[in-house]
Every structure is written in structure tokens, then in C-alpha cells.
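Chains R and Z, in that order, give the protein sequences.
Per our numbering, the first sequence starts with residue 8, numbered consecutively.
Per our numbering, the second sequence starts with residue 8, numbered consecutively.
The reader is advised that the hints may include incorrect statements.
Note: identical chains are not told apart, hence a pair may lie in one copy or across any two.
Said to hold, decoys possible - Derived lysine-lysine pairs resembling BS3-like cross-links, with alpha carbons at most 30 Å apart:
#1 LYS248 x LYS60
#2 LYS134 x LYS70
#3 LYS309 x LYS198
#4 LYS70 x LYS39
#5 LYS252 x LYS172
#6 LYS309 x LYS401
#7 LYS134 x LYS317
#8 LYS134 x LYS172
#9 LYS192 x LYS134
#10 LYS337 x LYS248
#11 LYS134 x LYS121
#12 LYS70 x LYS60
#13 LYS200 x LYS284
#14 LYS172 x LYS337
#15 LYS337 x LYS38
#16 LYS192 x LYS39
#17 LYS70 x LYS38
#18 LYS70 x LYS94
#19 LYS248 x LYS198
#20 LYS309 x LYS134
#21 LYS284 x LYS252
#22 LYS288 x LYS192
#23 LYS401 x LYS200
Worth flagging that the hints you see were computed from the coordinates, not collected in a lab.
Protein chains: 2
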Amino acid sequence: MGLIVQKFGGSSVANAERVMNVARIVTDTYKKGNDVIVVVSAQGDTTDDLIEKANEINPNAAKREMDQLLTAGEQISISLLAMAIEKLGFPVISLLGWQAGFNTNSIYTAARIKNIRPNRLQAEIAKHNIVVVAGFQGINRYDDLTTLGRGGSDTSAVAIAAALKADKCQIFTDVEGVYTADPRKVENAKKLKEITYDEMLELATLGAQVLNNRSVEMAKKYGVELEVLSSLNPVPGTIVKEVAKMEKMLIRGVTKDKDVALVSILNLQDTPGIAFKIFSKLSSKNINVDIILQSIGRDGTKDLVFTVSKDNGPVAVELLEDMLDNCTIKCNTEVAKVSIVGAGMESHPGTASKMFEALYESNINIQMISTSEIKISVVIDAEAADRAVSAVHKAFIPNEL
Amino acid sequence: MGLIVQKFGGSSVANAERVMNVARIVTDTYKKGNDVIVVVSAQGDTTDDLIEKANEINPNAAKREMDQLLTAGEQISISLLAMAIEKLGFPVISLLGWQAGFNTNSIYTAARIKNIRPNRLQAEIAKHNIVVVAGFQGINRYDDLTTLGRGGSDTSAVAIAAALKADKCQIFTDVEGVYTADPRKVENAKKLKEITYDEMLELATLGAQVLNNRSVEMAKKYGVELEVLSSLNPVPGTIVKEVAKMEKMLIRGVTKDKDVALVSILNLQDTPGIAFKIFSKLSSKNINVDIILQSIGRDGTKDLVFTVSKDNGPVAVELLEDMLDNCTIKCNTEVAKVSIVGAGMESHPGTASKMFEALYESNINIQMISTSEIKISVVIDAEAADRAVSAVHKAFIPNEL
């Protein structure tokens, strides 16, 4: 009993049958005496279809109009879900982002939530309505519609849970929870019972597509307890919270990220401040650099290697060619980043060597290494990525938990 | 030069190509030095598709949710049209009904406009933006979305023209204007250069589907000059205004309405107030009665015959069977109403007999007759409707104007 926020992604409401399925999950929760706020994304491919319609007319359309267009997607899904809940005989009302009080800044297509005016949400809850809220969208100070960017519905759900001090925020997806590795690819991938916010953040950043990163950051900031679970299979999922039980494993998961390009600058003149100039230039063009490796200087030159996202690779090369002379600039997009994540690893000095050993035994060459308190990432050939994940997973995750 | 409101229906913006076509018409008007506000409906079959989605889930869904759903349709078309206008290099902004200030009452799916708060529209016009406004929709006092009912976009356009005192309101459709009869069915149907509001109202009520009735009423009330013209063929259309030149014809048009059911009550006990009781009962169930015919009483009984819309026929019969005894109640849905409309007819006494003669010569039996100052309607067998329209049209409309 309490206030529960439930979020369902686009595939969970893709058609009439699935909408009815979600309605049943929601009303089951309500029947147990809970107040329920449901956040939904646009149905299935709606957002992509709308983007395609826009591109057909004007691929460089103003982002304000893009948001005006895209917000129609959740408008459709919330009203349909409300109709389904009504059909099951429960009191319900749907609210658009602005009706639910989502105030954002004015960065169209990637807006940030400034605050939630909770009056309407509270009033509907007080009337014992199940409230269906459009995720992903809000309104700015000019009364124009905005969207939060891909995965924004997770953030919408967590923001409501934080604003209304909900007892729990459940994120329903098409998987049963957070796994130690992609269960479709890795034999013996385990579902985690619990995971910390920080671990979840690393997993999300490193390519596990279960939860949107900003939503985890926000959950951590406001102490919102998250649960990731399946909308199709009603079993307990994974709880994300501040302190998680470690279970019997050293790490929480192994991830693979293929959206990586490796940019190399060879024989770079080693003048003072050159690295600063290079990275501030990239940053000014909104290119995020992930791992950086710098060789020890030799003959007044050095080598600088770094990773960026795949589509930023060629852009970075072009920028660098304009600003640097007398050096060789290359870009390799046939690489992948494999990472292990776990809050306990910093107190276990053997973790890194265990990972490297597993890769060595599988004959996989490591091109770059990056470590943080709770993760270790390596850059390897893209073709070896799946093998690497399996090998590392096998080395760390016991078969029986 | 001035402020022009242009309205485009769903078929005019059905796909990317047509949206670009509309963008060209709008920007051509803007280039001539006009301020332009464009009102659009949802694309092609969008509204029907959304209704189907709703019916699949809950055919009896709350009307508030239906409006929440349907308003997504124009949201898509306005943003796409704005993108198309932007592509042609013109400053533009799209506004939803509520952003454009449309305040309505709370009768969901059939709301009435209470007023338009013109601030935002005026501000955008002052910035020299072309403003694309979602037709058909508004917002009520609870901040919930409403729709104006089918054909509501015409009303939206006229309401804006009235509120901002526009110089003209152009209604673009897929025909070139208002015709003396349906040009696809009647040879020699003529396009009218001008028509009065009252004549247009009768034509609209009687089945000419060019303009929504409420929009004509509003245009008359606020003196908004309307022009009906084609979005595909750039020729002058039909002007609708207070006083119209009569051209060389006695009537403005011949219409056919097949949405008619003829309900007969035979041998009705002729007690005082019985007709009142019958029609107030029908009215209380929102059944509009059109033509009424009452026979002269005989043996203490009389016959009462009236027309209602086709789907109301069986409903009316059921109501009457519950309240009346000892009489025969029948419903005939195989009828049609054929009408002639023209402000000049009251001063030409031969108009009715000329119409009846044309029908007689075509061997068409008249079941009921109804007249007003500017129209004459007859109810006939449905199968004869097209023949009747042709015969009457030929009798009244000269081949060469």
C-alpha cells in the first residue's frame, strides 16, 4: 500500500493486446490498495515513423517543430491505455506532460526537467484516479512542447516518483531485470536481485540498454527505489538502490559497447598544451572523448589515442586534420569496448588481472585499458567482442548463484 | 495586403507531397505581403485510424480520452506543415488549439468555442511568422483537451478570422467552390461566384458537404467573408457573404441528402397534446426531427409522419412503441431528401410548381414537402434521388451562365 509509479516502454504498449496487458498489471497494483501513476512511451515504432514523416518533408526541420510532432506519440498511447483501464472498470485519467506539470528548459529534443508542478497529479490521486502520464515530454516557459530525448520516459517516471515521494518506481521492459550480461548472447547470464545506483550507471553508460542513464542519476539523487522488471512475465525483477547485497559475485555484469571509434594521432609534435588544445577543440564541437591513451614522448613527438562514439570518429579526424600538421591521423571503427562493473572490485586487487587473463586465454588482444573505482573497460577488435564477453563472464560469474 | 486565414482539410495534407503543395499556396500568399494564419485538419484518414484504434480497445471509452487521443491528429499535421514552410525558407511556427488560445466548453467530442485568447497569435504575427494552427481542437477550463466535432476545422478558421478581424477566410477543399449540384453526378453543374450566408447554410444543412454549418453561422454572425476554393487547382472559388449577386438564376443549388429515415405513425389516437408529447420525447433523446406531416383527423385518429437521420430511425421507432398503443409505427430508410436553395425564390411564386413539374415529368413520386423562405425540400424514394437532382437542376440552371 502506498504510491507506486510504473513505467512502460513503447514495446509494452505496441498494440491493443499489449495495451490491455499493461492495463491489467496497472489495475492489479491498484486493486491491492495502492495509488498508481503510470508513465508510458509512444507505441512501438510510432516515434520512428513520425521522424520518418518529418525527414520526408524537411530533414533539417526546426527542433521545436520536431518536438511538437513527436509529443503526439505519447498522446496516443496514454489515451489508449486510459481507455483500456476504463474498460476493466477502474477510474482513470490520462495527462500529457504539460498537464502533469512537467516544466523543462527550452533545449528542444533534449530538454531537461526543471521541476514538476504536482497540483494536477495530486488532485487526480486524491480523486482515487489511476493517472496515466505521457513520458518523454514537457513544456517550457514559452508554453511550447519539449521532449527529453530518447529514453526520456524513464526519467519522467523517476521525476514523478521523486516529486511525489512515491514508495517505488517500477520500470517495466521486455527483459526480466538487469543481467550480468546480455542473456540472448551469453550462456549463464544471471539476473541480479539488487544493484547499486552507481553500478547501474556504469552498466547503462557501458551499453546495457535496460535503463536510461539520466533516470538512474535522478533516482540516486532523490533516493528513488527503482525496480526493473518484465511486462510480459510477472516475476520479481532487479532492485536498484543505494546499497545492494553483493550476492556471491565480485562483479555485477559484463557489457559490450560497439558504438566506439578509435582515433589515433601518431608522431604528434610534443608542444606544451597540445593535448589541451586538441580536447578542447573536440569538446567545443560536442564530441565526447571516452578513453585516452598517451604514449611516452620520444624524439620530441608522442602518440595520442582516444575513443569517441562511432559517428563522431570521422568528424574528429576532420577537425584534427585541420588543426594539426606533420602527424598521421587514423580512425578505426572496427573496435568494441568490453567492461566489467562491480562496486566490490576496488577491494579485490586481482580483478583486473583476472579479466586480462580470461582475454589472453581466448587469444584476444587488448588495445586500450581504462579503469574506475567500480569498472574496468578494455578496447578490443569488434569481431572478438562477443567472445570476450563470454570469456570474461565465465571467469567472474559462478554458474550457480 | 492584410491578414488572411487559410484552412486546409485532411485530404489537402494527406501526404508529404500535398503538404508541400499547401506550403506553396501559403507562402505565395505571404510573399504578396499578407500576414497568414493557416488552419489544418489531421492528415487524410488519421482521425478515422485513431478512432479505430480506440474502438479496438474500448468502444465505449470516455469522451475526454477520445479527445485526448484525436487531438494528436492535428498535432502531427501542423508540425509537418510548419516543417514544409520552413523548408521553403519562410518564418513559421505551429500552434496547437490551446496554444492558439481556443477556449471551449467541456462537451467532449462536440465542444463549442467560448472565446479565443488572441495574445499568442498576435505575438507570432507581429514577429512576421506564418502561423500554422491545429483546427478542430481547444481546451476547457480544466486544462483538458476538447474537439469541436467533425468539420470543426472550418469553425476554427472562421473563429480566428473573426477574433483577429481578418480580411478574408479561405477554405481550401478538393472541389473548386460551391456548385449548383454535385458536379460528379450532375451534368452542367455550375460553380457559383457568390452565395449568401443563408443560402450556404441551407445548402450545408441539406447535404452539400463543402462547408461545415457552424462555421457558416459564425461567419454570418461576425461578418467574416469566406471563400471556398481548391487546394489543387488555383482558380477563383466561391465567395460566401451577406449579399451576393444573383447571376442569371433563380436558385443557388440542388442538393440530395440520403441520410433520411421516414417514420410513420398510422391511426394515432388524436388526444390533445399527443404531438407535443411525441416530439418532446424524441427531443429529450437528442433526436432531431426535420420535416413533419400530419394528416387531417378522421374517426378520432390521425396519421403523423416525420423524418429523422437514418440511424435515429430505429431508435425513434423503439421510443414510440414504448409510449404509444393502438397504432401502427413504421420506419422507411429507403428515402432521400432533394432540395433547391435560393434567396430569390420567395419573390418568384412559380418556383415550387416548376420543381414539382420537373419531378412529375421524370415520373418521381413526392412523399413529403417542406418549404422555407429560401428552400424547398421534397422526400422521395432513395433510388430516384440522383434522377431527381438531375431533372430539377436541368429545369432551373441555364446551360450557359
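Against the structure, the hints:
no., hint, verdict
1, LYS248 x LYS60, "neither (40 Å within a copy, 39 Å between copies)"
2, LYS134 x LYS70, "between (37 Å within a copy, 19 Å between copies)"
3, LYS309 x LYS198, "neither (45 Å within a copy, 81 Å between copies)"
4, LYS70 x LYS39, "between (43 Å within a copy, 28 Å between copies)"
5, LYS252 x LYS172, "within (24 Å within a copy, 69 Å between copies)"
6, LYS309 x LYS401, "neither (38 Å within a copy, 94 Å between copies)"
7, LYS134 x LYS317, "neither (50 Å within a copy, 41 Å between copies)"
8, LYS134 x LYS172, "within (18 Å within a copy, 43 Å between copies)"
9, LYS192 x LYS134, "neither (47 Å within a copy, 56 Å between copies)"
10, LYS337 x LYS248, "neither (42 Å within a copy, 71 Å between copies)"
11, LYS134 x LYS121, "both (27 Å within a copy, 28 Å between copies)"
12, LYS70 x LYS60, "both (14 Å within a copy, 29 Å between copies)"
13, LYS200 x LYS284, "neither (45 Å within a copy, 71 Å between copies)"
14, LYS172 x LYS337, "neither (50 Å within a copy, 63 Å between copies)"
15, LYS337 x LYS38, "neither (60 Å within a copy, 50 Å between copies)"
16, LYS192 x LYS39, "neither (37 Å within a copy, 62 Å between copies)"
17, LYS70 x LYS38, "between (42 Å within a copy, 25 Å between copies)"
18, LYS70 x LYS94, "between (37 Å within a copy, 13 Å between copies)"
19, LYS248 x LYS198, "within (16 Å within a copy, 72 Å between copies)"
20, LYS309 x LYS134, "neither (68 Å within a copy, 54 Å between copies)"
21, LYS284 x LYS252, "neither (44 Å within a copy, 77 Å between copies)"
22, LYS288 x LYS192, "neither (38 Å within a copy, 69 Å between copies)"
23, LYS401 x LYS200, "within (19 Å within a copy, 83 Å between copies)"
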